[in-house]
Amino acid sequence: MNRENDLISIMAGRYQIERGTTEPVEQWQMRVIYSVLGQMAYASLWDKTEDDQPISVVHFKSRMKDLLESYCGIFNGLRKLFGYNYENLLEEIYNVQLEGGKIYHSAYRLAPASYSASAVDDVLFARGMAPDEQQFVSGQGTYLLSSDFQESIPWLERFQLPDQTLTETWRYLVKTAKWNQFCPNDTTEFLRTDPPFKYGYWQREKPVAQEVTLIRMGMNGNRFYYLYQEKGGQAFVSQLPVWMTEDHFYRRVSNALLSAKQSLPAATYHEDGAIVMLRLQYLPAVEELNLIKLYSWPTSCIELPHDFNRIFAKDVFYAIKKTLEAIGYQFVKE
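Numbering (the working numbering), first residue to last: 1 to 334.
Rather than coming from a laboratory, the hints here were simulated on the basis of the structure. Accuracy of the hints is not assured; some may be wrong.
[As the list claims (entries may be wrong)] DEER-style ranges, computed between Cβ atoms:
id : residue 1 : residue 2 : range
1  : V25       : L67       : 18 to 24 Å
2  : T22       : I302      : 18 to 24 Å
3  : N180      : A326      : 34 to 40 Å
4  : N180      : T268      : 36 to 42 Å
5  : Y201      : E334      : 23 to 29 Å
6  : D121      : N88       : 31 to 37 Å
7  : Q134      : R223      : 43 to 49 Å
8  : P195      : S300      : 23 to 29 Å
9  : P241      : R109      : 29 to 35 Å
10 : L67       : W202      : 37 to 43 Å
All residues carry an ideal CB built from backbone N, CA and C; glycine is no exception.
Using the sequences and the hints given, assemble the complete structure.
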């Protein structure tokens with residue numbers, strides 16, 4: 001048992017992954033392994049293959065699977081933390097790194113992102129660092145701590161974050177809307193604009209207030225989103241561009257609307273020594289969520305994703321919190 005603890009401690013020390021004051025040992029071990037798997041998969045992008053072929057997604061995931069099998073053979077209890085089917089975990093780590101901009105994928109080839117660094121206070125969020133360089137890890141993201149940094153790319157640009165607040169975004173959308181008369185059909189859903197949101201973000205019932213809101217029409221994979229309002233007993237819509245709303249990108253608009261209505265739920269968090277536990281009450285826009293997931297750990301590695309509950313290294317959390325608050329998101333300390 002001491003040997004197992006020593007190995008975990010060595011890996012944790014390599015990336016400065018500290019255990020929370022009251023955090024269960026098993027959760028800390030899970031976080032360490034989660035980060036190590038991602039770092040070793042990232043390091044595999046520098047591997048030389050026998051036929052000199054580019055590194056593939058299969059190679060990237062295989063590195064993690066082989067490592068996890070080895071760790072489960074070494075450390076007692078890891079099976080209950082990771083289960084026996086690793087595919088969801090491997091896919092999650094791959095997606096977190098891809099969507100977070102740590103790796104690039106094109107034409108059967110994976111590659112590390114080119115080096116860039118963005119500073120928030122004393123935290124330098126760096127990507128594209130070589131695997132052998134000393135760096136701290138929070139989740140899958142790498143960073144350094146110092147009071148003397150030179151960033152190579154602005155923080156908002158690096159993570160594709162908006163330079164407008166959520167409320168400003170909503171006001172702009174309403175101001176530039178082009179209205180056309182509209183008749184709802186059986187697929188029309190209205191954004192739920194008042195809590196609780198545990199019943200889903202969409203509802204069939206039309207909101208009572210006669211103000212601009214968000215609706216969608218169509219079925220999964222073929223939905224269209226519109227601003228919606230009623231005037232003089234008639235309904236009007238202004239269609240939003242597909243690029244703004246496809247997949248889950250509509251949440252840029254839904255968060256903006258809720259922020260303007262002052263009904264966007266605040267995220268809650270509490271400190272536990274060197275870590276911070278975050279609970280999202282409403283999923284943020286895709287770009288913001290990608291940032292959160294890159295630099296945090298899920299609370300469980302089974303039945304992923306665990307987007308609503310995340311764990312951060314403390315310094316990283318407060319830097320990201322400061323950034324998201326400037327956009328219009330709110331956080332409440334428990």
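Structure-based check of each hint:
Look at V25 against L67: about 20 Å separates their beta carbons, and that is inside 18 to 24 Å. The hint said 18 to 24 Å for the Cβ distance between T22 and I302, and at roughly 22 Å that hint holds. N180 and A326 have their C-beta atoms about 35 Å apart, which keeps the hinted 34 to 40 Å range intact. The hinted window of 36 to 42 Å between N180 and T268 holds, with their beta carbons roughly 41 Å apart.
The supplied range of 23 to 29 Å is met by Y201 and E334, whose beta-carbon atoms lie about 24 Å from each other. For D121 and N88, the hinted distance range of 31 to 37 Å is satisfied, since their beta carbons lie about 35 Å from each other. Between Q134 and R223, the C-beta spacing of about 46 Å keeps the proposed range 43 to 49 Å intact. Look at P195 against S300: about 25 Å separates their beta carbons, and that is inside 23 to 29 Å.
Checking the proposed 29 to 35 Å range against P241 and R109 shows it holds: the Cβ atoms sit about 30 Å from each other. With their beta carbons about 40 Å apart, L67 and W202 fall inside the hinted range of 37 to 43 Å.
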